[in-house]
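Protein chains: 2
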Amino acid sequence: MTRSHIVIVGAGFGGLSAATHLAGADVDVTVIDRRNYHLFQPLLYQVATAGLSPAQIASPIRAILRRAANVRVILGKVTSVDNRRRTVIVEGGTLEEREIAYDYLVLATGARHSYFGRDEWEGVAPGLKKIDDATGIRRRILTAFETAEAAQSAESRRQFLTFVVIGGGPTGVEMAGAIAELARVALRHDFRNIDPREARVVLVEAGPRLLAAFSPRLSEAARQSLEKLGVEVRLGARVSQCDAEGVMIGTERLRSATIIWGAGVAASSAARWLGAEKDRNGRVMVGPDLSLPSHPEIFCIGDTAHALHTDGKPLPGLAPVAKQQGAYVAKVLCARIAGRAAPKPFHYRGWGTMATIGRRAAVADFGWVKIDGTLAWLLWGLVHVSFLIGFRNRIVVMLDWLWSYVTFQSGARLITGPGSH
Amino acid sequence: MTRSHIVIVGAGFGGLSAATHLAGADVDVTVIDRRNYHLFQPLLYQVATAGLSPAQIASPIRAILRRAANVRVILGKVTSVDNRRRTVIVEGGTLEEREIAYDYLVLATGARHSYFGRDEWEGVAPGLKKIDDATGIRRRILTAFETAEAAQSAESRRQFLTFVVIGGGPTGVEMAGAIAELARVALRHDFRNIDPREARVVLVEAGPRLLAAFSPRLSEAARQSLEKLGVEVRLGARVSQCDAEGVMIGTERLRSATIIWGAGVAASSAARWLGAEKDRNGRVMVGPDLSLPSHPEIFCIGDTAHALHTDGKPLPGLAPVAKQQGAYVAKVLCARIAGRAAPKPFHYRGWGTMATIGRRAAVADFGWVKIDGTLAWLLWGLVHVSFLIGFRNRIVVMLDWLWSYVTFQSGARLITGPGSH
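From first to last, the protein sequence lines are chains A and B.
FYI, numbering that gives the first Met the number 0 numbers position 11 of the first sequence as 10, with every residue one higher than the one before it.
FYI, numbering that gives the first Met the number 0 numbers position 36 of the second sequence as 35, with every residue one higher than the one before it.
These are computed hints drawn from the structure, not numbers from a lab.
Be aware that a few hints might be false.
Residues from chain A that face chain B, not an exhaustive set, calculated with beta carbons under 8 Å [stated by the list, open to error]:
id	residue
1	Pro59
2	Arg61
3	Leu74
4	Leu141
5	His188
Here chain A is said to cover these stretches of chain B; the calculated rule only asks that three of the stretch's residues, wherever they fall, bring their Cβ under 8 Å from a Cβ of chain A [said to hold, decoys possible]:
id	stretch
6	30-40
7	49-58
8	397-408
Note that the coordinates shown come from a computational prediction; the quantities given were computed from them, not determined experimentally.
C-beta atoms are modelled at their ideal positions from N, C-alpha and C, and glycine is treated no differently.
Start from the sequences and build out the full structure, keeping to the hints where you can.
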């Protein structure tokens, strides 16, 4: 009898968790990803704001799985799934198109930005999902200060020193706080014609408060911390236009050379590949064991899946959800292949959520206790470093943070990539 | 009386040394560079071979000079010099063209690759001068292993596992050694269809020995160390053709998907800007005080200058030469502006040259003593780390090296940038 072949698409938190939990099991596993590394997305905003280097928050997928002899890794882009013939179509890294057959399929393809139908905004208001997004945003931010330094008119200087962050979720809050700190702390003595501390950072949120997933008290604490850093928080403000000159908030024109999008995410194309039922964010509706009702051999996890919490609400798009789902699906698969009884329906054990704002400012919501300030900030650092993959990355990131904290400098202020000569 | 204005073009080793030696002097200094960072070029090959991250070998120019109140920094590209009106023309970072007047001009614009008139080779055989070159070469090397893993035929697999490095100078030797180590050590357990240790690394040198600037004994030691690592060293071999399929060495076809150019450098455009006399590598002929005979207010240093050693031979394009020349020009300028006697002609104090090959293999030539092996390798590490700019960079690079040495892993194996999805 040949062994069952499990194909996992995507090596984010969900896919990687499924793969590591299947390592050593009596199955063959193939992990397919468009990139050769697993990215620790929660720290990506620190790459975008020149605090960390890409390699500090990314590890090669092959290196993570190199001891798992039953797992192979393919670098390639999945373009479709044929769920009748049970194959996925992969555009190879550089080679010809290939078809890979599966017995079981786990789709963990994550999410991308959503511009709510205004895709033309992407060019002027980039979002933050990939490493190249982050180095691109870093280039924009640092170049804006350089251009302001060289500007001939006060008006142009003001435009290049105005940074607009759209969306008051964790990404938006963290980006706004980090840009304000970069300007006020790390860049403070670097220029001669401008004072970087005059930089204006505007955080725009359409809803009535920041961090809607947190308790109202912590939303308010986050707002106060941001304002202490000099960030202008605009609540209940809807962006009606984005272009090279800036944004329109309602009917107000805000001139800005640097706009960052942290507002919306949409699931990847998995629902389209499967022809499956999806929610309005494009996430595939899955059953209590995270498989498709119509195709029990196909599972969706993480940001790809619309799964329900015990309270009947859909689970949020968080790393711990994806990781627990990956581990759960591995358990379901092992049971099913071994002919054992199926485990109980998936149940998410949430420990809480956190967001950081700046030096000694963060919020943490554990349900039973809600904290902010220095303690939340220390906890945030501890948790994020302890989840970073790779022993070396942890040490290096901790040293970098310590160094930044002590010297008020930030480590990776490089303008690289296209257009930087 | 207004203060003299000194314009320094280029913030490499030479320009930065001139600027730091003019910090605090009774002059105004403007440093112009196309990039916002100073790059520690001797370690760039480690970025190209996934050992280090860009930010570990680059520091923002503004941060280095932030305490020098009489020095300002401009991010921009110099396109020409008007030596009659004493101005340089700068294409601003993102702004309109500007003209900047100088009393004294220091050109430290470095060198770029030379393809000996075969510029069409650049696309298939990239050279290594900039950070984007290095991350591009890293992408090519890592993608070649990925493609070999996915290849359908033995022939194609062989082509993607063949790496050709052209030029047996320090860059070529270091690249060939580092690629061989990456394949044999760090990637060893990462693949399922290929054995990375079967990778073929060919180092092609037209001359009769490697590292022509070193003693013949060390050239031979380098060759032996490389061969022990599995590198094929081809001496007296001339590349007659480079294309997407590989190279021609004389009349022999060598199929390879990854070609790296380390053969030739040529000075930047400074000689053309000045309409000055130049040598066949494009370096400006300067007098004993490094100024132009026809324009004593213009100085050229580093790879931009053809200056003579005490033995009448031109000085080599090394970091210590550029640094000493920068410091010397600062001294000449201060003396001249203060009306003091000119210092003695420039005299280069060379301590020696080094090149590294791999784990515990390097060569060091100090003239009076020539060493190779583990001792040379330790010395090489010590010297390179001690010259790295920034306290943090030193610690982080040392930790990274230590970690790689102990674990046999390398730290920055990311495929990023255009074409990596």
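Going down the list of hints, with the structure as the test:
no., hint, result
1, Pro59, "holds, 4 Å"
2, Arg61, "holds, 4 Å"
3, Leu74, "holds, 4 Å"
4, Leu141, "holds, 6 Å"
5, His188, "holds, 4 Å"
6, 30-40, "holds (count 4)"
7, 49-58, "holds (count 5)"
8, 397-408, "holds (count 5)"
Going down the numbered hints, you'll see the structure goes against none, and every one checks out.
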